[in-house]
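Build the full structure now, drawing on both the sequences and the hints.
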Amino acid sequence: MSDFPDTWRKPPFIRNTLLRRGLWLAILAYVVFTMATLPIDWERVSAGMGRAARIFSGAFPPSFARADLLIDGFMESLKIALLATVAGVALSIPIAFCAARNIAPRPVYYLGRATIIIARSFHPVIVAIIFVKAVGFGPFAGVLTLTVYSIGFVAKLLAERIEEIDFGQVEAMRSAGAPFFSTLIYAIAPQILARQVGLSIYQLDSNLRASAVVGLVGAGGIGATLANAFGRYDYDFALAITMVIVGVILVSEAVSGIIREKLA
Amino acid sequence: MLKIEKLVKRYNGGDPVLKDLDLEVGGQEVVSIIGSSGAGKSTLLRCINRLVEPTSGTITLNGTDLTQLKKSELRLARRRIGMVFQSFNLVDRLTVMENVQSGRLGYISTWAALTRRYPKEDIRRAYELMERVGIAHYANKRADELSGGERQRVGVVRALMQQPEILLADEPTASLDPKTSEQIMALLRDLANELELPVIINIHNVTEAKQYTDRIVGMRYGRIIFDDVPDALDAAAMDEIYAGVPAEDRAAQGAAA
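Chains as they are written, first to last, in numbering that gives the first Met the number 0: chain A, 0 to 263; chain B, 0 to 256.
Worth flagging that the hints you see were computed from the coordinates, not collected in a lab. Note that this is a predicted model, so its numbers are computed, not measured. Don't be surprised by glycine CBs; every beta carbon is placed ideally from N, CA and C. Don't take every hint at face value.
Said to hold, decoys possible - Have a look at the derived ranges for each label pair, beta carbon to beta carbon:
hint	chain 1	residue 1	chain 2	residue 2	range
1	A	G256	B	S146	32 to 42 Å
2	A	G137	B	K140	45 to 55 Å
3	B	A135	A	A89	36 to 46 Å
4	B	A185	A	K261	39 to 49 Å
5	B	I122	A	K261	25 to 35 Å
6	B	T63	A	A89	37 to 47 Å
Right, dumping it as structure tokens:
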């Protein structure tokens with residue numbers, strides 16, 4: 000046999016041994032430092048456990064006595080989610096085209112990307128607080144919030160899909176002298192349509208979920224109903240609402256999953 | 000008549016890919032351009048319809064200097080130049096008819112394109128051309144359901160829908176099997192005669208170039224070093240066109256300069 004080595008190890012991701020070990024040490028040190036300095040009051044934690052137990056015991060059995068309020072809240076959430084999805088998707092399409100590196104001129108591209116980054120950088124709850132201040136309590140603030148949320152998600156993923164298209168089809172239209180919008184309609188739209196429909200359905204599902212959260216800060220829907228129930232110490236009604244939210248989200252996720260699978 | 004004079008193309012200030020290139024193509028002749036990869040065949044073809052922007056030189060098509068056109072004028076000029084692509088570049092998710100009609104996008108309004116309200120004479124012409132190349136029965140099929148040879152026929156019909164004054168084919172048969180490849184070459188040759196259209200074909204297959212075209216242009220590293228009838232392409236000329244690799248040519252020129 001030859002004298003070739005018979006062992007081989009994958010080279011480490013960070014070649015420099017000193018740097019690699021130093022990095023591990025630094026991470027460890029920081030975690031220890033964090034645990035030591037964050038003010039965690041263990042007495043309050045143990046007292047809180049008791050309170051949590053009281054809330055949970057108060058929540059059983061869940062009360063569906065005010066089912067009409069529950070249904071009203073849900074219908075409102077559904078309307079908020081639907082309106083926000085339609086508005087968000089409609090706005091996302093032009094923004095996505097602006098934010099696609101391969102078709103937008105440089106300045107437009109930066110503008111499009113900036114719009115998406117701004118829409119994404121705040122959690123819907125923070126956006127909701129701003130809109131509740133701006134337009135008052137109620138579902139309209141919820142619609143505005145989730146529209147922004149939809150733009151952040153749909154426009155970003157759609158722009159990424161546009162950047163992945165087969166550019167040869169665009170070249171074919173250009174070489175035939177097609178004007179700009181005709182090129183978009185014939186060469187790009189067919190390539191992104193399936194993703195667009197999938198994203199819209201996913202976003203509707205996601206907006207329904209988020210509408211429950213933004214309702215907690217006053218933006219209408221089932222979240223507002225839930226916040227009121229908590230405010231009045233109606234823990235049994237709150238549990239009923241929570242259970243229905245979980246149920247509806249499970250159903251909507253299953254439905255949107257089936258539809259998206261059919262589209263793929 | 001297409002007339003190319005002193006055409007130069009550099010990518011990002013690097014070495015020129017096309018060097019002072021002159022070429023004239025007219026009538027209804029079928030011209031093939033051969034040369035090894037990197038010789039500049041594709042760049043030359045793409046400079047003609049300005050999918051690639053020429054650095055300097057002029058390209059004149061029936062009296063219009065294509066290199067001087069502004070964006071809107073270029074769009075109108077491109078309608079007069081048909082192009083067939085190596086990877087077909089069909090829109091897979093659209094029907095064959097929509098793909099064929101996309102050759103007319105430069106003529107119809109965006110609204111008509113969006114609503115698929117194609118002019119009657121365009122639809123008639125589409126059926127006529129599809130019948131001619133044998134794909135009329137596929138009009139309502141999605142483009143991705145067709146085989147390679149059929150897809151390239153759609154590509155050819157799309158280009159012809161433009162009623163072009165010249166047809167450019169960038170390695171139209173490179174993605175096809177040998178038999179289909181010959182059929183497409185024969186089709187291009189026959190259509191050039193029927194429609195009295197000059198055709199320029201970039202091609203790797205020298206046997207097909209000799210068999211199906213009237214004139215062969217040999218390129219080597221950005222220059223035309225052979226331009227004659229197919230019979231004149233002998234072993235010595237072949238050696239000269241295909242000898243060496245572009246990288247070595249580049250090195251040799253660097254040393255000389």
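Structure-based check of all given hints:
1. A:G256 <-> B:S146: 32 to 42 Å: About 35 Å separates the Cβ atoms of G256 (chain A) and S146 (chain B), which means 32 to 42 Å holds.
2. A:G137 <-> B:K140: 45 to 55 Å: Given about 52 Å between the Cβ atoms, the range holds.
3. B:A135 <-> A:A89: 36 to 46 Å: holds (39 Å)
4. B:A185 <-> A:K261: 39 to 49 Å: 43 Å Cβ-Cβ, so the 39 to 49 Å window holds.
5. B:I122 <-> A:K261: 25 to 35 Å: holds (33 Å)
6. B:T63 <-> A:A89: 37 to 47 Å: Given a distance of about 42 Å, which is inside 37 to 47 Å, the answer is holds.
Checked against the numbered hints above, the structure breaks none of them.
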